[in-house]
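Engineer: Sequence:
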Amino acid sequence: MFFIAPILGTITNAPVFGANEKCMKVIPINTADPFEDIRQNIAEEYLSETQHYPWIVTFSGGKDSTLVAHLVFDMLLSLPPMLRSRQVFFVSNDTLVESPLVVKHMRQSLAEILRAAEIFRLPVSGEITVPKLQDTFWTLLIGKGYPTPNRSMRWCTDRLKIQPTSGYILQKVNENGKAIIVLGVRKDESATRKASIESHQNLENSNLTPHSDLKNALVYRPIADLSTDDVWEFLAANDPPWGGTHSDLIKFYREAAGGECPIVLSQEEAPGCGTNSSRFGCWTCTVVNKDRSLQGFVDAGKTEFAPLIEYRNWLVDIRNKPEYRQAERRNGKLTFKSGKHIPGPFTITARQEMLVKLLEVQAAFGEELISQDEIDLIKQIWTEDILKQGDRR
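So in full-length UniProt numbering, spot 60 of the sequence shown is number 60, and the numbers just go up one at a time.
Just so you know, the hints here were simulated from the structure itself, not pulled from any lab data. Ideal Cβ positions, reconstructed from N, Cα and C, are used throughout, including at glycine. One thing to keep in mind: the hints can contain errors.
As the list claims (entries may be wrong) - Cβ-Cβ distance ranges computed for the label pairs, FRET-style: (1) Lys388 <-> Glu368: 29 to 35 Å; (2) Leu359 <-> Asn176: 39 to 45 Å; (3) Asp239 <-> Ile318: 45 to 51 Å; (4) Ile119 <-> Leu47: 19 to 25 Å; (5) Ser152 <-> Ala111: 37 to 43 Å; (6) Leu359 <-> Gln171: 31 to 37 Å; (7) Val130 <-> Lys302: 22 to 28 Å; (8) Trp155 <-> Asp225: 31 to 37 Å.
Please put together the full structure from these sequences, using the hints given.
Structural biologist: So, in structure tokens, the structure goes:
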């Protein structure tokens, strides 16, 4: 049996965060390595002789995915080069409307992981998935006039998250016959997450579970039984093996008091996106009542994010105002439900106002919030919609 030597030090106390706390607290750390079994399990799974499918480590840059990345990277470093034969892919997702600070952290962290992997000659590569141009948030909202997402109409998750990353995974499945998705999900995250994990049975004599939606993709959850305190305890006591520290990550949670929106691979996992338990996500998210993470950054002194909050709140405010919505759906038909008229997309005038205001926010913020390619496609869609409306008259 292969054994990985413990890497944790003998720190007696370390500052960490509780699940819903802004303030730091001190949790005693045992001198014995509480992660020894997990390390052993990860190594055994990687070295399995029953299959040799590549690993796909989903990396959002949040605490849980960072812990998994840390443990996997540690494991690879601990192996003799001749045993590092299984390819490991790190995949992140950028919806293109991520909270700017969070996406910068994710991209920087992934770059550091890949740079260190190259130096150590580890079998690691990475990818950041993004939505197709025709499926971006701005193309659908400002271009086609889709109503802003809410709990009953969450069109964003599938197009921005599920399709891009699932497509990447299926590509690896097609290339290798199967692939193993390494997820940083935990039962302790929520009752819903616990029920979801426990509803999927591992294969016999295996730590792997068939993915519910992605054929020939298997799921491995190495930290499923850890508590939130376990996660913070480890990250506070151990610098990442790719260099640097976890201090920026800890600072994010301290300032925003939020959890991260995870990598979402199926509709079953979609409820975790845009809920109060996952507050690091899209700055445009209108599913939640209030963007607590961005507000947390503003409260911490990062006032440049205030215009983003104001714009997002304005989108929420105009959603159901009749003067901003067309009577007909995009197919030109009127829709009724239970005798009540269901309005269509935002009017062309409303969409034009959205773009003008967004460009004003972008100028004030000083960083790109919408690409020129999106703007060009949006204007093309407007032209086509105006011509269609003229034909129907």
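Engineer: Give a verdict on every hint.
Structural biologist: Here is what the structure says about each hint:
| no. | hint | verdict |
| --- | --- | --- |
| 1 | Lys388 <-> Glu368: 29 to 35 Å | holds (30 Å) |
| 2 | Leu359 <-> Asn176: 39 to 45 Å | holds (44 Å) |
| 3 | Asp239 <-> Ile318: 45 to 51 Å | holds (47 Å) |
| 4 | Ile119 <-> Leu47: 19 to 25 Å | holds (23 Å) |
| 5 | Ser152 <-> Ala111: 37 to 43 Å | holds (38 Å) |
| 6 | Leu359 <-> Gln171: 31 to 37 Å | holds (35 Å) |
| 7 | Val130 <-> Lys302: 22 to 28 Å | holds (25 Å) |
| 8 | Trp155 <-> Asp225: 31 to 37 Å | holds (34 Å) |
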